[in-house]
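Novice: Below, each chain spelled out in residue letters.
Number of protein chains: 2
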Amino acid sequence: MLIDLGSAASFLKEKDNFTIITHAHPDGDTLGSGIGLCLALRALGKKANVINNEEIPPKFRYLEIEPQEFEEQTVVAVDIADVTLMGNSVKEIYETKVDLSLDHHGSNRLFAKLNYVDSSAAAAAQIIYELVELLGVRITPQMADCLYTGISTDTGCFRYANVTPATHRVAAKLMEYGADAAAINVKMFETKTRTYATLERLALDGMQFFYDGRCALITITRDMFAESGSDENECDGIAAISRQIEGVLVGVTMRERRDGTYKASVRTHNPVDASAICARLGGGGHPNAAGCQLPGTREEATKLLLDTIGEFI
Amino acid sequence: MLIDLGSAASFLKEKDNFTIITHAHPDGDTLGSGIGLCLALRALGKKANVINNEEIPPKFRYLEIEPQEFEEQTVVAVDIADVTLMGNSVKEIYETKVDLSLDHHGSNRLFAKLNYVDSSAAAAAQIIYELVELLGVRITPQMADCLYTGISTDTGCFRYANVTPATHRVAAKLMEYGADAAAINVKMFETKTRTYATLERLALDGMQFFYDGRCALITITRDMFAESGSDENECDGIAAISRQIEGVLVGVTMRERRDGTYKASVRTHNPVDASAICARLGGGGHPNAAGCQLPGTREEATKLLLDTIGEFI
Numbered sequence: 001m002l003i004d005l006g007s008a009a010s011f012l013k014e015k016d017n018f019t020i021i022t023h024a025h026p027d028g029d030t031l032g033s034g035i036g037l038c039l040a041l042r043a044l045g046k047k048a049n050v051i052n053n054e055e056i057p058p059k060f061r062y063l064e065i066e067p068q069e070f071e072e073q074t075v076v077a078v079d080i081a082d083v084t085l086m087g088n089s090v091k092e093i094y095e096t097k098v099d100l101s102l103d104h105h106g107s108n109r110l111f112a113k114l115n116y117v118d119s120s121a122a123a124a125a126q127i128i129y130e131l132v133e134l135l136g137v138r139i140t141p142q143m144a145d146c147l148y149t150g151i152s153t154d155t156g157c158f159r160y161a162n163v164t165p166a167t168h169r170v171a172a173k174l175m176e177y178g179a180d181a182a183a184i185n186v187k188m189f190e191t192k193t194r195t196y197a198t199l200e201r202l203a204l205d206g207m208q209f210f211y212d213g214r215c216a217l218i219t220i221t222r223d224m225f226a227e228s229g230s231d232e233n234e235c236d237g238i239a240a241i242s243r244q245i246e247g248v249l250v251g252v253t254m255r256e257r258r259d260g261t262y263k264a265s266v267r268t269h270n271p272v273d274a275s276a277i278c279a280r281l282g283g284g285g286h287p288n289a290a291g292c293q294l295p296g297t298r299e300e301a302t303k304l305l306l307d308t309i310g311e312f313i
Numbered sequence: 001m002l003i004d005l006g007s008a009a010s011f012l013k014e015k016d017n018f019t020i021i022t023h024a025h026p027d028g029d030t031l032g033s034g035i036g037l038c039l040a041l042r043a044l045g046k047k048a049n050v051i052n053n054e055e056i057p058p059k060f061r062y063l064e065i066e067p068q069e070f071e072e073q074t075v076v077a078v079d080i081a082d083v084t085l086m087g088n089s090v091k092e093i094y095e096t097k098v099d100l101s102l103d104h105h106g107s108n109r110l111f112a113k114l115n116y117v118d119s120s121a122a123a124a125a126q127i128i129y130e131l132v133e134l135l136g137v138r139i140t141p142q143m144a145d146c147l148y149t150g151i152s153t154d155t156g157c158f159r160y161a162n163v164t165p166a167t168h169r170v171a172a173k174l175m176e177y178g179a180d181a182a183a184i185n186v187k188m189f190e191t192k193t194r195t196y197a198t199l200e201r202l203a204l205d206g207m208q209f210f211y212d213g214r215c216a217l218i219t220i221t222r223d224m225f226a227e228s229g230s231d232e233n234e235c236d237g238i239a240a241i242s243r244q245i246e247g248v249l250v251g252v253t254m255r256e257r258r259d260g261t262y263k264a265s266v267r268t269h270n271p272v273d274a275s276a277i278c279a280r281l282g283g284g285g286h287p288n289a290a291g292c293q294l295p296g297t298r299e300e301a302t303k304l305l306l307d308t309i310g311e312f313i
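Here the protein sequences come in this chain order: A and B. Just so you know, the first sequence maps onto residues 1 to 313 in my numbering. Just so you know, the second sequence maps onto residues 1 to 313 in my numbering.
Since the hints were derived computationally from the structure, they do not count as laboratory data. Positions of the beta carbon are idealized from the N, C-alpha and C atoms, including for glycine. Among the hints, a few may not be true.
As the list claims (entries may be wrong) - Restraint ranges, calculated between C-beta atoms of paired labels, are given here:
#: 1; chain 1: B; residue 1: Glu227; chain 2: A; residue 2: Thr195; range: 37 to 47 Å
#: 2; chain 1: A; residue 1: Lys303; chain 2: B; residue 2: Glu176; range: 44 to 54 Å
#: 3; chain 1: B; residue 1: Thr195; chain 2: A; residue 2: Leu5; range: 45 to 55 Å
#: 4; chain 1: B; residue 1: Arg258; chain 2: A; residue 2: Gln142; range: 50 to 60 Å
#: 5; chain 1: B; residue 1: Gly247; chain 2: A; residue 2: Asn270; range: 36 to 46 Å
#: 6; chain 1: A; residue 1: Ser107; chain 2: B; residue 2: Gly213; range: 37 to 47 Å
#: 7; chain 1: A; residue 1: Arg258; chain 2: B; residue 2: Glu66; range: 52 to 62 Å
#: 8; chain 1: A; residue 1: Ala182; chain 2: B; residue 2: Glu311; range: 24 to 34 Å
#: 9; chain 1: A; residue 1: Lys187; chain 2: B; residue 2: Gly229; range: 26 to 36 Å
#: 10; chain 1: B; residue 1: Asp180; chain 2: A; residue 2: Glu300; range: 19 to 29 Å
#: 11; chain 1: B; residue 1: Pro271; chain 2: A; residue 2: Gln142; range: 21 to 31 Å
#: 12; chain 1: A; residue 1: Thr195; chain 2: B; residue 2: Leu134; range: 29 to 39 Å
#: 13; chain 1: B; residue 1: Leu134; chain 2: A; residue 2: Leu5; range: 30 to 40 Å
#: 14; chain 1: B; residue 1: Gln73; chain 2: A; residue 2: Ala240; range: 46 to 56 Å
As the list claims (entries may be wrong) - No more than 27 Å apart at the CA atoms, straight line, and that leaves these computed lysine-lysine pairs for DSS-like:
#: 15; chain 1: B; residue 1: Lys47; chain 2: B; residue 2: Lys97
#: 16; chain 1: B; residue 1: Lys91; chain 2: B; residue 2: Lys263
#: 17; chain 1: B; residue 1: Lys192; chain 2: A; residue 2: Lys187
#: 18; chain 1: A; residue 1: Lys59; chain 2: A; residue 2: Lys15
#: 19; chain 1: A; residue 1: Lys263; chain 2: B; residue 2: Lys192
#: 20; chain 1: A; residue 1: Lys13; chain 2: A; residue 2: Lys113
#: 21; chain 1: A; residue 1: Lys192; chain 2: B; residue 2: Lys192
#: 22; chain 1: A; residue 1: Lys192; chain 2: B; residue 2: Lys187
#: 23; chain 1: B; residue 1: Lys263; chain 2: A; residue 2: Lys192
#: 24; chain 1: A; residue 1: Lys97; chain 2: A; residue 2: Lys15
#: 25; chain 1: B; residue 1: Lys59; chain 2: B; residue 2: Lys15
#: 26; chain 1: A; residue 1: Lys192; chain 2: A; residue 2: Lys113
#: 27; chain 1: A; residue 1: Lys97; chain 2: A; residue 2: Lys13
#: 28; chain 1: A; residue 1: Lys173; chain 2: A; residue 2: Lys91
#: 29; chain 1: B; residue 1: Lys59; chain 2: B; residue 2: Lys303
#: 30; chain 1: B; residue 1: Lys113; chain 2: B; residue 2: Lys97
#: 31; chain 1: A; residue 1: Lys263; chain 2: A; residue 2: Lys173
#: 32; chain 1: A; residue 1: Lys187; chain 2: B; residue 2: Lys187
#: 33; chain 1: A; residue 1: Lys13; chain 2: A; residue 2: Lys59
#: 34; chain 1: B; residue 1: Lys187; chain 2: B; residue 2: Lys173
#: 35; chain 1: A; residue 1: Lys173; chain 2: B; residue 2: Lys173
With the hints as constraints, model all of the structure from the sequences given.
Specialist: Shown next, in the form of C-alpha cells:
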C-alpha cells in the first residue's frame with residue numbers, strides 16, 4: 001500500500017524495536033538514511049538497529065553506530081527499490097517481512113506492507129530529513145552528518161540533474177543542525193586511495209577513442225587490478241571518466257571478470273540512450289548510465305559493443 | 001570607504017552608464033558576477049557593459065553578452081581584491097577610477113571610492129544575488145545562470161569550506177529563477193578537453209611520493225605541454241590531484257616555464273600550512289593553497305622544494 005509521509009511518521013511513532021535494512025553494495029545514501037533514521041528513532045526513546053548485507057566500506061565508517069539489544073518487532077527498508085537489491089543474507093530473512101519502505105526510486109516495486117516513495121527527492125536522505133522533522137526530533141550533529149552524507153553522495157555533491165531547490169534547502173538546514181559538510185565532502189570527493197589512483201592511471205593510459213571522438217573506451221583487465229592492488233569495488237569512479245572528455249557522447253568502461261569475460265558500464269550524454277544500448281546486449285539501466293555483460297574474449301566483446309554503439313551515434 | 005549593501009544598491013539606482021570590471025585570468029565567479037550585475041542594471045533601464053582584461057575562456061562563453069554603446073560614467077569592480085589583480089590593460093585605465101567595489105575576499109584592499117566586502121560570502125555572485133534582490137530586479141533565467149555559475153565554480157560545486165547555509169539557499173532561489181544548474185555543472189565539472197585529459201594522464205604517469213607517502217609530487221614539463229597540446233592555462237585542475245591521494249598531506253605540482261625554471265603549486269591538508277612553505281621560498285597564498293617560483297634546474301628545484309616541505313611534515 002502507498003502511504004503519505006505523515007502516515008509513515010505516525011506508524012513509526014506507534015511502533016518500537018526497529019530493524020532498518022539498507023541495500024547491498026551500501027552507498028552513502030542508504031547508510032546515511034538508515035543510520036540517520038535509526039538515531040532519530042532512538043532519540044524518541046525507541047530501540048533501533050541498522051542491518052547491512054555486508055560490512056560498511058571503510059570510507060563510510062565515520063557513520064557507524066553501536067548496535068542495541070532487543071527483540072525485533074518492526075522492519076523498515078530505506079533506499080531499496082526492490083527485494084533483489086537487498087543482498088542475499090538480508091533478502092533471505094526480510095524479503096516478505098518489511099513493514100515500511102521509504103524510498104526515492106521511481107522504479108520502486110512496492111514490496112513492503114506500507115510504502116512511501118517520492119521520486120522527486122534527490123536522495124532517500126532528503127525524505128528521511130522531512131520525516132524526522134515530522135517526528136518532532138531535534139536533529140543532532142550526528143544525524144545531520146548522516147543525512148548530509150546521503151544527499152551529498154547521491155547528487156555528486158549537488159552536481160546532478162536530480163538536485164532541486166528543496167535539496168539545497170535541506171542541505172542548508174542540515175548545516176545549521178551541525179553537519180560538518182566540508183569535512184564530509186573531503187572524505188567523499190577529494191580522497192582517492194593509492195590503489196585507486198594507480199588503477200585510474202593505468203585505465204587512462206589505455207583509453208581509446210572511436211567514431212571521431214564521440215565514443216571513448218576504457219578497458220580494465222585483471223592484470224591492472226593485480227598491478228594496482230585495486231579491485232572491482234573501486235571501479236565506479238572510473239566509469240564516469242570517459243564521458244567527461246569533450247566531444248564524447250558515449251563513454252564506456254569494460255572490466256574483466258574473474259572468468260575472463262567483460263562487464264560494460266555505459267555512460268552517455270543526451271540524446272544517446274545508454275539503457276537502449278545496453279538493452280540490445282541483454283542489460284539495462286538509466287538513460288545516461290547503464291550496464292551489460294558481454295560474451296567472448298576481449299576482442300570479441302569490444303567489437304560487439306562498439307558495433308552496437310555505432311548504431312546509436 | 002566601507003559601505004553596506006543597501007548603500008551599494010542606492011548608489012547603483014542613482015547612477016547610470018556603468019562599466020563593470022572583472023579580474024585577470026577570469027573565472028566563473030568574476031564573470032558570472034559581472035555579467036549578472038550588468039544584466040540586472042540593464043533590466044533597470046540603465047546602460048552597462050562588462051570589461052575583461054582578456055578574452056573570456058571558451059568554457060565560460062555561454063555567459064557572454066552583447067556590449068552596448070554609451071559614454072561611461074560609473075565604474076564598478078566585482079570579485080577584485082586588489083588593483084594588481086585587474087590585469088594590465090584594465091589596470092592602466094581603471095586603477096584609480098573605481099567608484100564601487102563589490103567583493104568577498106577578506107584580503108580586499110579597499111581600492112575603490114565605495115567598498116562593500118562580505119568575506120562570509122562563498123562567492124562574489126552570492127553578494128550580487130543579494131544586491132539584485134535589493135534593487136528589486138526580477139531575476140531572469142539568464143541572470144540566474146550567471147550567478148549560479150559564480151557560486152558553483154567558487155565552491156567546487158558546494159564542496160568547499162566556504163559554503164554556508166546561505167549559499168545553499170541562494171542556489172535554491174537561483175534554480176527557482178530558472179538557472180539550468182545541471183547543464184552548467186556538466187560544463188564546469190564534468191567536461192575535460194582532449195588536451196587536458198592527455199596532460200593529466202602524462203602528469204599522473206610521473207607522480208612520485210616522498211616522506212612515507214605524505215608528500216606527492218607531479219612535475220609538468222614543456223615536453224608534456226607539447227605532447228598533449230595543452231598549456232599552462234589548463235594546469236589548475238592538475239594542482240588539485242596530488243593532494244587527493246589518501247595519506248598525502250602536501251600535494252605539489254611543479255610546472256616548467258618557458259625559461260626552463262619551475263613554478264610550484266602547493267596544496268595541503270591541515271595542519272600543514274602551504275603559505276608558510278611557499279613564503280620560505282619567496283611565494284605566498286592561502287593556508288591550504290599557495291605557490292612560489294623556484295630557481296635552478298628541475299633537479300635543483302625539486303630538491304629545494306622537497307627539503308623545505310620536509311621541515312613542515
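Novice: Give a verdict on every hint.
Specialist: Going down the list of hints, with the structure as the test:
{"no.": "1", "hint": "B/Glu227 / A/Thr195: 37 to 47 Å", "result": "violated, 27 Å"}
{"no.": "2", "hint": "A/Lys303 / B/Glu176: 44 to 54 Å", "result": "holds, 48 Å"}
{"no.": "3", "hint": "B/Thr195 / A/Leu5: 45 to 55 Å", "result": "holds, 49 Å"}
{"no.": "4", "hint": "B/Arg258 / A/Gln142: 50 to 60 Å", "result": "holds, 53 Å"}
{"no.": "5", "hint": "B/Gly247 / A/Asn270: 36 to 46 Å", "result": "holds, 39 Å"}
{"no.": "6", "hint": "A/Ser107 / B/Gly213: 37 to 47 Å", "result": "holds, 42 Å"}
{"no.": "7", "hint": "A/Arg258 / B/Glu66: 52 to 62 Å", "result": "holds, 59 Å"}
{"no.": "8", "hint": "A/Ala182 / B/Glu311: 24 to 34 Å", "result": "holds, 28 Å"}
{"no.": "9", "hint": "A/Lys187 / B/Gly229: 26 to 36 Å", "result": "holds, 35 Å"}
{"no.": "10", "hint": "B/Asp180 / A/Glu300: 19 to 29 Å", "result": "violated, 41 Å"}
{"no.": "11", "hint": "B/Pro271 / A/Gln142: 21 to 31 Å", "result": "holds, 25 Å"}
{"no.": "12", "hint": "A/Thr195 / B/Leu134: 29 to 39 Å", "result": "violated, 52 Å"}
{"no.": "13", "hint": "B/Leu134 / A/Leu5: 30 to 40 Å", "result": "holds, 36 Å"}
{"no.": "14", "hint": "B/Gln73 / A/Ala240: 46 to 56 Å", "result": "holds, 49 Å"}
{"no.": "15", "hint": "B/Lys47 / B/Lys97", "result": "holds, 18 Å"}
{"no.": "16", "hint": "B/Lys91 / B/Lys263", "result": "holds, 25 Å"}
{"no.": "17", "hint": "B/Lys192 / A/Lys187", "result": "holds, 23 Å"}
{"no.": "18", "hint": "A/Lys59 / A/Lys15", "result": "violated, 32 Å"}
{"no.": "19", "hint": "A/Lys263 / B/Lys192", "result": "holds, 25 Å"}
{"no.": "20", "hint": "A/Lys13 / A/Lys113", "result": "holds, 17 Å"}
{"no.": "21", "hint": "A/Lys192 / B/Lys192", "result": "holds, 19 Å"}
{"no.": "22", "hint": "A/Lys192 / B/Lys187", "result": "holds, 23 Å"}
{"no.": "23", "hint": "B/Lys263 / A/Lys192", "result": "holds, 25 Å"}
{"no.": "24", "hint": "A/Lys97 / A/Lys15", "result": "holds, 15 Å"}
{"no.": "25", "hint": "B/Lys59 / B/Lys15", "result": "violated, 32 Å"}
{"no.": "26", "hint": "A/Lys192 / A/Lys113", "result": "violated, 41 Å"}
{"no.": "27", "hint": "A/Lys97 / A/Lys13", "result": "holds, 19 Å"}
{"no.": "28", "hint": "A/Lys173 / A/Lys91", "result": "violated, 35 Å"}
{"no.": "29", "hint": "B/Lys59 / B/Lys303", "result": "violated, 37 Å"}
{"no.": "30", "hint": "B/Lys113 / B/Lys97", "result": "holds, 8 Å"}
{"no.": "31", "hint": "A/Lys263 / A/Lys173", "result": "violated, 41 Å"}
{"no.": "32", "hint": "A/Lys187 / B/Lys187", "result": "holds, 24 Å"}
{"no.": "33", "hint": "A/Lys13 / A/Lys59", "result": "violated, 32 Å"}
{"no.": "34", "hint": "B/Lys187 / B/Lys173", "result": "holds, 21 Å"}
{"no.": "35", "hint": "A/Lys173 / B/Lys173", "result": "holds, 15 Å"}
Checked against the numbered hints above, the structure violates hints 1, 10, 12, 18, 25, 26, 28, 29, 31 and 33; every other hint is satisfied.
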